[in-house]
Structure formats: C-alpha cells, structure tokens
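K.L.:
From just these sequences and the hints, can you work out the full model?
Respectively, the protein sequence lines represent chains A and B. For the first sequence, this note's numbering assigns the number -10 to the initial residue and increments by one for each residue that follows. For the second sequence, this note's numbering assigns the number 78 to the initial residue and increments by one for each residue that follows.
Because the hints were derived from the structure by calculation, they are not lab data. The beta carbon of each residue, even a glycine, is placed where N, CA and C say it ideally should be. Don't take every hint at face value.
Simulated restraints on C-beta separations [what the hints assert, rightly or not]:
#  : chain 1 : residue 1 : chain 2 : residue 2 : range
1  : B       : Ala114    : A       : Ser85     : 33 to 41 angstroms
2  : A       : Ile47     : B       : Ala124    : 13 to 21 angstroms
3  : A       : Asn(-4)   : B       : Ser202    : 22 to 30 angstroms
4  : A       : Ala50     : B       : Ala230    : 50 to 58 angstroms
5  : B       : Arg301    : A       : Asp5      : 51 to 59 angstroms
6  : A       : Ser85     : B       : His228    : 49 to 57 angstroms
7  : A       : Ser71     : B       : Ala174    : 57 to 65 angstroms
8  : B       : His228    : A       : Thr87     : 49 to 57 angstroms
9  : A       : Ala(-9)   : B       : Leu281    : 17 to 25 angstroms
10 : B       : Asp104    : A       : Thr63     : 32 to 40 angstroms
Some but not every residue of chain A turned toward chain B, in silico, with C-beta under 7 angstroms [claimed, not checked]:
#  : residue
11 : Arg(-8)
12 : Ala57
13 : Ser85
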Amino acid sequence: MARALVNVPANAKRGDIIEIKTLIQHEMESGFRVDNMGKVFPRDIITDFVCKYNGEEIFRAELFPAIAANPFFTFFTRATESGTIIFEWSGDNGFSATESRDITVE
Amino acid sequence: MTLPVISAVLAALLAPELNAAEIPLSDRKSGYEFMGAETRAMQDDDAANPAMLWVLDGENLWRRKQATAQKSCAECHGDAQTGMKGVAARYPAFDPARGRPVNLEERINICRSEQQKATPLPFESKELLALTAYIAAQSRGMPIESKSDEHLAPFLRAGREMFNLRQGQLNLSCSQCHDDNWGGKLAGAPIPQGHPNGYPLYRLEWQTLGSLQRRLRGCLVGMRAESYPLGASEYVNLELYLMWRARGMKIETPAVRP
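P.N.:
Okay, here's the thing in structure tokens:
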C-alpha cells in the first residue's frame, strides 16, 4: 500500500476548529506524457479522496490528471466528539489506500 | 563601440578567471532563502513535506534484513538517530580501500555489497534515495564539516577546477552563475548560490526526490555540456568541492526546492 502521512491532533476541546493534513505517495501519471519512442505512459492517478469523521463524510475531493504527484490536502473541521477519522484514497488500476486516526474530544 | 566598452570587453575576454570570485563566507545563503513563502512552508512542516515519505521508507529499509547475509543496517549501526548523526555533514569522504572519495550513496552501496552481501542499489532508484534521505536527515541542522583530510586535497582541487571550467555549447562554468550572478534571474527563476546542503531533496519540478548528482546533470544539460553517468568520479569531485564551499552551512535534508 502507498505510504501516507496523516496529521490530526490527538486531543481537542469540543467545538475547536482543527486542521487536518494528509499527504500520500503517488506518481499521478497524467496519461499525456510519452517516452522517447512516442509511446504514451498510461494514465495512473488517484481519482477520489474521502474523509469520514465517525462515519460522517466531512471532506471529499475528486482528483484530475493536472494534479501534481504526492497529493497534499489540508482542511479544517470542528471537533464534535471523540472517535475515529478515516481517510480513503482510490484511483486507477484498483488503487486504494486507507488510514485512520483517533481523536479525543473533551 | 566606445573605448571604455571595448576595454571592458577585452578585460573580460582576457581574464575570465578574475571575474570568478568566491562568495565570502558571511554572504552565503542556502537555496531556501531564494524560495517563495509557500515552498518554504512546505519544507518547514514535516506533515507537508513530501520528502518525508521517502525518509519514512528509508527508516523501514534501515531495519530490513537483506539478502544472503540476513543483516539489516540497524544490526551493525544501531539506531540511526544516534549512529548516523552528522554522517551526511562529512560526506563525500576518503575511502582508503579505493583511494578516492565516495559519496553517501556509494558508501551505502559499499556497505550493501560488502557487509550485507546484497546487490548494490542503482543510482536514483527509489530505495537508494530513501535510504540516503533517511541517513542524511539525521544530520538536519548540523553544520557541514570542512575537509581537513590531506588525501582529499587533489580531488577537492579537481572539483574546484571543474566548477570553474567553461564547458558546453554555451561555454559556461558553474562559477559564472553561482559565484558571479547569484541573486539574479535565469528565465524568470532566481539563481541560487548552488549549495548542496539539502540533498537528497524534493524538487517540485521533478515531482519526486532526487540526488545532488541528478541536479548537477540537469545543470550540465542546461549548459549544453556533456553530462557524466551517475556515480562518475567527476560528479563526486564536484560534490566534494561544493560541500567544502558550503562548509559551516546547515544541513536541511530533506529539503524542498522549486
């Protein structure tokens, strides 16, 4: 599975706005490049990213060939309750990666 | 043409090496200082720095048992955080068995073939970059050592000569850009001083991690000069000179550059 770096604060106060950062290793081959014989490198990109907080979807992104390698997403959410935040990436050639982080809200 | 212009042109033609003044130690700046705020922020935050993905891979490789000898790097060298601290700040270093300097990548491969009995990793392969980045990152924040090894003197001299040698169809030397015209612009991009203090680094243009030799090859191609195969002694000599030129500057590995 691809290596991913996910950053979620382990603790937060109820109602706090928290920043979530995710970075995943992926070449994001656009499908437009050719080798020196003119043969196209087939497209191989991540197409979807979803983040769920205790089962509820809080962030979703669609990715396209113009997005750079090793996509980085950072976004904010409100800390509502303790639980698990799940991150899912999926893409071409059956690519799939999942990470999860626990958060304690007081 | 007026007389002062002609004499200035003549002076430039007759004494090119006089223009190539080394940068005073106090005026040296890391490539970091030439970058925009966004790229700096990317390097400063380990959660946003894509090179950290390679560093984490390198940590895994450090612990993995290799091939026939079934030995991992960690079994001999222990914890990299202590055992590898400062190593990147003193490479390339003289290897008595080979009678020449070797860089960090070569040292890893020597260890692999002699101690681990494993096949050497190809230059610029993901694994070699990951291992090099992991080892070099242990020296982050440490000053680059100045070379006092007398064995290195002839190689350092060769590296310096190459740095000042005009080559390629554009007839340029490294020094003309990075000693004489740093801070200026080349095709809209700032010309840095060309210090090697962040390698292997994540270059946004490459969209991946790359070694100093890959960067040097890029510069040579840009000068329309003939580049050398990766691992060539010419590159190692140049690396040695660049490290000497950057002595005392802090290691930033794994750095991010545009």
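K.L.:
Compare the structure with each hint and give your call.
P.N.:
Right, here's what the structure says about each hint:
no.	hint	verdict
1	Ala114/B <-> Ser85/A: 33 to 41 angstroms	holds (35 angstroms)
2	Ile47/A <-> Ala124/B: 13 to 21 angstroms	holds (18 angstroms)
3	Asn(-4)/A <-> Ser202/B: 22 to 30 angstroms	holds (28 angstroms)
4	Ala50/A <-> Ala230/B: 50 to 58 angstroms	holds (55 angstroms)
5	Arg301/B <-> Asp5/A: 51 to 59 angstroms	holds (56 angstroms)
6	Ser85/A <-> His228/B: 49 to 57 angstroms	holds (53 angstroms)
7	Ser71/A <-> Ala174/B: 57 to 65 angstroms	holds (58 angstroms)
8	His228/B <-> Thr87/A: 49 to 57 angstroms	holds (52 angstroms)
9	Ala(-9)/A <-> Leu281/B: 17 to 25 angstroms	holds (20 angstroms)
10	Asp104/B <-> Thr63/A: 32 to 40 angstroms	holds (36 angstroms)
11	Arg(-8)	holds (5 angstroms)
12	Ala57	holds (6 angstroms)
13	Ser85	violated (18 angstroms)
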